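Guided by the hints, dock chain B onto chain A, whose structure is given.
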Amino acid sequence: MTEFIEKIGKASMNATATFRDILFFAFTILARIFQKKTYNSAMKMVLVNQIYFTSVQILPLFTVLSIILGSLLIGIVLQIIKNLGLAEYLGRILMGLVVTEISPFVTVLLVALRSSSAMNAEIAVMKVNKELRTLDTYNIDVIDYLFVPRIINGVVSVLLLSALFSILALTSGMIFSKLIFGMSFDVYTNVLLKSADIYDIDIYLIKCCIFGFFITLIPIRSGLSASDDLTSIPIAVLQGMVKVFIAIIFIEVLSLILISL
Amino acid sequence: MISLDAPLISNLDAWINVALIKQYHENLPNKKAKSLVLHFLERYGMEHIADKRNAALTNKERFIVMLLRAVMVRNALIVLDRPFMIIPDIQDDRFIYDSLQLISDSFKECHIFDYKWFEDRYGIMNAEKN
Numbered sequence: 030m031t032e033f034i035e036k037i038g039k040a041s042m043n044a045t046a047t048f049r050d051i052l053f054f055a056f057t058i059l060a061r062i063f064q065k066k067t068y069n070s071a072m073k074m075v076l077v078n079q080i081y082f083t084s085v086q087i088l089p090l091f092t093v094l095s096i097i098l099g100s101l102l103i104g105i106v107l108q109i110i111k112n113l114g115l116a117e118y119l120g121r122i123l124m125g126l127v128v129t130e131i132s133p134f135v136t137v138l139l140v141a142l143r144s145s146s147a148m149n150a151e152i153a154v155m156k157v158n159k160e161l162r163t164l165d166t167y168n169i170d171v172i173d174y175l176f177v178p179r180i181i182n183g184v185v186s187v188l189l190l191s192a193l194f195s196i197l198a199l200t201s202g203m204i205f206s207k208l209i210f211g212m213s214f215d216v217y218t219n220v221l222l223k224s225a226d227i228y229d230i231d232i233y234l235i236k237c238c239i240f241g242f243f244i245t246l247i248p249i250r251s252g253l254s255a256s257d258d259l260t261s262i263p264i265a266v267l268q269g270m271v272k273v274f275i276a277i278i279f280i281e282v283l284s285l286i287l288i289s290l
Numbered sequence: 758m759i760s761l762d763a764p765l766i767s768n769l770d771a772w773i774n775v776a777l778i779k780q781y782h783e784n785l786p787n788k789k790a791k792s793l794v795l796h797f798l799e800r801y802g803m804e805h806i807a808d809k810r811n812a813a814l815t816n817k818e819r820f821i822v823m824l825l826r827a828v829m830v831r832n833a834l835i836v837l838d839r840p841f842m843i844i845p846d847i848q849d850d851r852f853i854y855d856s857l858q859l860i861s862d863s864f865k866e867c868h869i870f871d872y873k874w875f876e877d878r879y880g881i882m883n884a885e886k887n
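In the order they appear, the protein sequences are chains A and B.
Under my numbering, the first residue of the first sequence is numbered 30, with each subsequent residue one higher.
Under my numbering, the first residue of the second sequence is numbered 758, with each subsequent residue one higher.
No wet-lab data here; the hints were simulated from the structure.
The model shown is predicted, which means the values in this text are computed figures rather than measured ones.
Among the hints, a few may not be true.
What the hints assert, rightly or not - Selected chain B positions facing chain A (in silico; Cβ < 10 Å):
no. : residue
1   : Asp762
2   : Ala827
3   : Ile881
Glycine included, C-beta positions come from ideal geometry on N, C-alpha and C.
Bound-form chain A, shown alone (with noise of 0.2 Å):
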C-alpha cells in the first residue's frame, strides 16, 4: 500500500515538475518572441522555410481531409439538428461547433501528427549530432534561430488551417442544408453571417494561437532532453509527442471550461 501511495506521489511530483519545466520554457520563448532582435535575417529564414513545410506543403493532404472529415460532420449534425426540430439554431450550432471546436481541433491533431513529430525528432538529432553545440560554437542563440521561428510557425499554421477547414466545412455544410433543409446557398450564407459573433472569433483566435504555441515548444524542449546518446532520440519522440496529446486535451478541456463560465 505505502509503494502503491509512494508510486502516485513520484509520478506526481515528476508531472509537476514537467508542468513547470515547460511554464518556465514558454515563458522564456515568449520573453523573445517580443524582443526585436530576435527578427535577423537569418531567422526569417527559417521562419519562411518552416511555414512553407508545416503549412503549404500539408495542403493538398489537409484539404482533401478538411472536405472528407468536414461534410461527414456537417451531414451528421445537420441531420440531428432536423431529427430535433432545431432548424433554428442552425447557424449558432455550426459556428460555436464547427468553427470553436472541431476545426482547431482537427487541425491541430494533423500538424501535431506530422510536424510535431518532425520537430521533435529534428531537435534530438541536432542534439545528438553536438550541431547545437555548433551552433552555440558560433554564439548563435538557438532560441532565436531555431526555437522561436518554429514556434511562431505552429501558431501561424495552426490558425491559417484552421480557418481553411472552417471555410471547407461550412461550404460544404452548404450542400447539405441544401439536401436536408432544402436550403437555398443565399439563405444558407444569411444564417450562417447572422449567427457569427465576434465572441466566438475570439475563442477561436485564442484557441488556435494556444494549441499553435504548444504543439511546437512541448517537442522542441522534449528534443532537447535527448543525451548524446542516438538510442534516445525515440524515447524523446515518444515522450514528446505523449506530452503534446496530453495538452492538446488539457487546453481542449479547459477552454471548454472557460467557455461554459
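Relative to chain A, chain B alone:
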C-alpha cells in the same frame, strides 16, 4: 573553429551553413549572403556544392565549407582542430595550406592543433607535445 566537434548543420545546404553566421550576426540579407558565399566558393572552384547538404559532401568539400563558415566571423581567428580527422584521405598539409592561402585576406590568425604523431604530415620535426 574547424573541428569534427563543430559539424555542419545537417538539414541546411552548404551555402546556408556558411551564410548563417553573417545573416545572424550582421543581419545580412539572404541574397547578399548567398552571393558572398558563392564568391568564396568560386575561389575553390566549388560553386556546385552550394546546394548540397553535409551528407552529400566529400571530405575535402566538407572541410572547405567548415573553413568558409569560420572566416565569416568578423576578425576571424581560425582554430583548426585535428584537420586530418576531417580529411583523412590526404597525406600531407598541402591541401590545408593551399585552402588557407586562398582566403588569407579573410582571417587574422590561424592555429592548428593536432596529435604529435602527425608532425611528419606537417613537415615539422620538433613539434610541441600535444
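Fill in: chain A contact restraint on B:Ala827 - CB to CB distance below 10 Å
Since chain A brings a Cβ to about 9 Å from B:Ala827, closer than 10 Å, the hint holds.
Fill in: chain A contact restraint for B:Ile881 - C-beta distance below 10 Å
violated, 27 Å
Practice prompt. Could you check if B:Asp762 really has its C-beta closer than 10 Å to a C-beta on chain A?
Written response: Since chain A brings a Cβ to about 6 Å from B:Asp762, closer than 10 Å, the hint holds.
Of the numbered hints stated above, the single one contradicted by the structure is hint 3.
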